[in-house]
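**Student:** Protein chains in written order, with our numbering: chain Y, 13 to 127; chain S, 13 to 129.
Some clues are possibly wrong.
To be verified - Here are the simulated lysine-lysine pairs, DSBU-like style, with alpha carbons at most 30 Å apart:
| hint | chain 1 | residue 1 | chain 2 | residue 2 |
| --- | --- | --- | --- | --- |
| 1 | S | K124 | S | K70 |
| 2 | Y | K25 | Y | K69 |
| 3 | S | K61 | Y | K69 |
| 4 | S | K81 | S | K61 |
| 5 | S | K70 | S | K81 |
| 6 | S | K81 | S | K124 |
| 7 | S | K61 | Y | K25 |
| 8 | S | K61 | S | K124 |
| 9 | S | K124 | Y | K69 |
It is worth saying that the hints were derived from the structure and are not from the lab.
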Amino acid sequence: KAGVTQTPRYLIKTRGQQVTLSCSPISGHRSVSWYQQTPGQGLQFLFEYFSETQRNKGNFPGRFSGRQFSNSRSEMNVSTLELGDSALYLCASSPSFNRGGNTIYFGEGSWLTVV
Amino acid sequence: AQSVTQLDSQVPVFEEAPVELRCNYSSSVSVYLFWYVQYPNQGLQLLLKYLSGSTLVKGINGFEAEFNKSQTSFHLRKPSVHISDTAEYFCAVSPSGGTGGYQKVTFGTGTKLQVIP
Chain Y
13 KAGVTQTPRY LIKTRGQQVT LSCSPISGHR SVSWYQQTPG QGLQFLFEYF
63 SETQRNKGNF PGRFSGRQFS NSRSEMNVST LELGDSALYL CASSPSFNRG
113 GNTIYFGEGS WLTVV
Chain S
13 AQSVTQLDSQ VPVFEEAPVE LRCNYSSSVS VYLFWYVQYP NQGLQLLLKY
63 LSGSTLVKGI NGFEAEFNKS QTSFHLRKPS VHISDTAEYF CAVSPSGGTG
113 GYQKVTFGTG TKLQVIP
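The following block holds chain Y by itself, in its conformation from the complex (with noise of 0.2 Å):
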């Protein structure tokens, strides 16, 4: 079955915009999660979706949002874009909530570049 799908792989921004990053995840699976990678930085979680609902949010300026619908596919938005939100935004999903074995699947990514 297909894998996690994001949109767009690439884009480039100016500072002050704002952008949606969008996510579809493997068919079946409820949970998505975003994630920040970033050279200096690593991996860093920004938040997980279940059932439309935000379950953890990571430490992330409220500039950084976003939403699961009922078709479990998610967005997330950056408002207001500084140059240090230059990065790689992963999408993840899993099949459920609360397992903490469950393995992760991950998208290739949305390479944001901010200018």
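Based on these hints, arrange chain S on the given structure of chain Y.
**Tutor:** Using the frame of chain Y, we list chain S on its own:
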């Protein structure tokens, strides 16, 4: 709270040589342990995971890892590497009980494996 330390940011190794990528973790509770691999311009994919049972875990592509509870380590090994193993490897932990859920996965900073022909 939990943390993961990957001691080596980069590991160069000649093709067909063995390799060990080191991972140490810290946690106040029991944990599940994972190794993920990221090939260039791709997302992460699971190599192997330890949930319980045998402390020696075998994964894909000939990799294996050993869980050592006393040393809080989960080192990744391969007896003979190939050029195609060039990638970044991430160690990760998550709580094994309660309401931890996978979302509390904590990743290490990654180790770049460079296989030299």
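**Student:** Would you pick out the hints that fail for this structure and give their numbers low to high?
**Tutor:** As far as the earlier hints go, only 7 is violated by this structure.
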